[in-house]
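One-letter residues, chain by chain:
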Amino acid sequence: MTYTFDFMAVRHGLGVLFDGLLVTLELTVAANVIGLTFGFGLALLVMHRWAVLRWPASLFVEFFRCTPAIIQIVWFFYCVPMLFDVYLDAMTMGILALACNLTAFNAEAYRAAIQAVPRDYRDAGIALGLNGWQRIRYIVLPTAFRAALPVLVSNGIGIFQQTALVAIVALQDLMYMGKSLATESYRPIETFTVVALIYFAVSFPVSQLASWFEHRRDRLAR
Amino acid sequence: MMSTNTSAPLVSIRGLHKAYSPTVQVIKGIDLDMHAGDRLVVIGPSGGGKSTLLRVLMGLETIDKGSIAFDGQPYIQADEARGKTSIDTKVRNSIGMVFQNYTLFPHLTIVENLILAPCKSRGEKESVAKDRALTFLTRFGLRDKATVYPSQLSGGQKQRVAIARALMLDPKLMLFDEVTSALDPELVAEVEQVIQQLALQNLSMMIVTHDMWFAKNIASRVLFCAGGTIVEDGPPEQVMGAPREERTREFLSRVFHIGA
Numbered sequence: 010m011t012y013t014f015d016f017m018a019v020r021h022g023l024g025v026l027f028d029g030l031l032v033t034l035e036l037t038v039a040a041n042v043i044g045l046t047f048g049f050g051l052a053l054l055v056m057h058r059w060a061v062l063r064w065p066a067s068l069f070v071e072f073f074r075c076t077p078a079i080i081q082i083v084w085f086f087y088c089v090p091m092l093f094d095v096y097l098d099a100m101t102m103g104i105l106a107l108a109c110n111l112t113a114f115n116a117e118a119y120r121a122a123i124q125a126v127p128r129d130y131r132d133a134g135i136a137l138g139l140n141g142w143q144r145i146r147y148i149v150l151p152t153a154f155r156a157a158l159p160v161l162v163s164n165g166i167g168i169f170q171q172t173a174l175v176a177i178v179a180l181q182d183l184m185y186m187g188k189s190l191a192t193e194s195y196r197p198i199e200t201f202t203v204v205a206l207i208y209f210a211v212s213f214p215v216s217q218l219a220s221w222f223e224h225r226r227d228r229l230a231r
Numbered sequence: 312m313m314s315t316n317t318s319a320p321l322v323s324i325r326g327l328h329k330a331y332s333p334t335v336q337v338i339k340g341i342d343l344d345m346h347a348g349d350r351l352v353v354i355g356p357s358g359g360g361k362s363t364l365l366r367v368l369m370g371l372e373t374i375d376k377g378s379i380a381f382d383g384q385p386y387i388q389a390d391e392a393r394g395k396t397s398i399d400t401k402v403r404n405s406i407g408m409v410f411q412n413y414t415l416f417p418h419l420t421i422v423e424n425l426i427l428a429p430c431k432s433r434g435e436k437e438s439v440a441k442d443r444a445l446t447f448l449t450r451f452g453l454r455d456k457a458t459v460y461p462s463q464l465s466g467g468q469k470q471r472v473a474i475a476r477a478l479m480l481d482p483k484l485m486l487f488d489e490v491t492s493a494l495d496p497e498l499v500a501e502v503e504q505v506i507q508q509l510a511l512q513n514l515s516m517m518i519v520t521h522d523m524w525f526a527k528n529i530a531s532r533v534l535f536c537a538g539g540t541i542v543e544d545g546p547p548e549q550v551m552g553a554p555r556e557e558r559t560r561e562f563l564s565r566v567f568h569i570g571a
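Protein chains in written order, with my numbering: chain A, 10 to 231; chain B, 312 to 571.
If you're looking for bench data, these hints aren't it; they were derived computationally from the structure.
Everything numeric in this text was worked out from a predicted model, so none of it was measured.
Worth double-checking, as some hints may not be accurate.
In the DMTMM-like style, the derived pairs of lysine to aspartate or glutamate whose C-alpha atoms are separated by at most 20 Å in a straight line are [said to hold, decoys possible]:
id, chain 1, residue 1, chain 2, residue 2
1, B, K431, B, D455
2, A, K188, A, D15
3, B, K401, A, D132
4, B, K483, B, D382
5, B, K527, B, E548
6, B, K483, A, D132
7, B, K431, A, D132
8, A, K188, A, D28
9, B, K527, B, E556
Just a few of them, taken from the derived set where beta-carbon distance is under 8 Å, the chain A residues facing chain B [stated by the list, open to error]:
id, residue
10, M17
11, V126
12, Y130
13, A133
14, G138
15, V149
16, T152
17, Y185
18, R225
19, R228
All C-beta atoms, glycine included, are put in the ideal place defined by N, C-alpha and C.
Isolated chain A (complex conformation) (with noise of 0.2 Å):
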């Protein structure tokens, strides 16, 4: 190999990039927030008797799981300001098309764990006297909540890294800023090294988190 890195070519572009993983953790945390909240919704919705609101609900989530984040921003940001007239500012909408994936994994990662409640915890509230609606909020909940945490934090940790997609449609997040300082400093091969190390830095602990809850989860269900 006769390539010579020299990282000390891009030592001045650290700052640019810190002020783009800030954009991408902004990125990161809205689209976390609603994709953590709507997608419990949507579960429910997924699940629900009347196909009226089962339906819409299993298409978005369908479609959302089943095309490229990538054509899902370049979409939201072309085709929605066409379509149905709305102009919001760039960072909304790579907010909302972040948002709308994630709601979608998270939908799924909801139902899952909800329909995998054991129907003996069901007949145990029976048995104690709890209504319907009690044993969905102290049994099935809580329950299903803590076998949805691993996944949801590994989708959320998905998100961080598909936030560097937003970078087409001229977001100035981490990998935009990544992208500029390679141009400008002729050093692509170091530039891209550093990015991928802070992306790495940000998510090896949270993907550790999830190790732990997981771990966590399946010791408390024997």
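Chain B: place on chain A using the hints.
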């Protein structure tokens, strides 16, 4: 003490039929009166309808025909015309049940498992419920487990907690559905001892078990159920010691491994 003939039965089942599907008839006509203080043990081959009978009594299943009265009040009624079952949930609250799989809620500590229903469904004050819970746990030798999670307990301990949890609601009738079947053999005794303790206090109970020695010891009356009907019904000495019916004899000889 009033004679059992004049007092109203605690449980009165009439013409009970239950199918899980048109081809799977599990209960094919059961009539049964059970009196307060009875310790009724139901024995019989698997698939004979024993567990279903208990589940129906707990109000966990719909029924196809028949009715059940509890403590003199209408409790469960089949509406054959509309294919529905009406269950009086107020009446149901005076019955408690313990299951084969413990069914402790894994996200709650032992004491939280015990006080959940009293606090949420009866509006009992948390401090009062907690005191009662600790009394039960002390009585069942589990005082030091109050703040741990179910996953940290042995099967025998879990099942004793499940019994205490049901007792927290002061049931007039306790149903035990194969409560020792999932346990390692050395843990069976500690659970059966707790049930014996309750028997001494004259708690009415209906027990489904495969443990024939336990059945003989605890029962005041034994039902032999097979094929969805009650084949034989009487005191343990008679049903288990000198059965009148051929099917009972055959079943007992098989479970006791007595060569026929």
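Tested hints:
no., hint, verdict
1, K431/B - D455/B, "violated (25 Å)"
2, K188/A - D15/A, "holds (17 Å)"
3, K401/B - D132/A, "holds (16 Å)"
4, K483/B - D382/B, "holds (9 Å)"
5, K527/B - E548/B, "holds (8 Å)"
6, K483/B - D132/A, "holds (19 Å)"
7, K431/B - D132/A, "holds (17 Å)"
8, K188/A - D28/A, "holds (13 Å)"
9, K527/B - E556/B, "holds (18 Å)"
10, M17, "violated (53 Å)"
11, V126, "violated (10 Å)"
12, Y130, "holds (6 Å)"
13, A133, "holds (4 Å)"
14, G138, "holds (4 Å)"
15, V149, "violated (10 Å)"
16, T152, "holds (6 Å)"
17, Y185, "violated (43 Å)"
18, R225, "violated (10 Å)"
19, R228, "holds (6 Å)"
Checked against the numbered hints given earlier, the structure breaks hints 1, 10, 11, 15, 17, 18 and satisfies all the rest.
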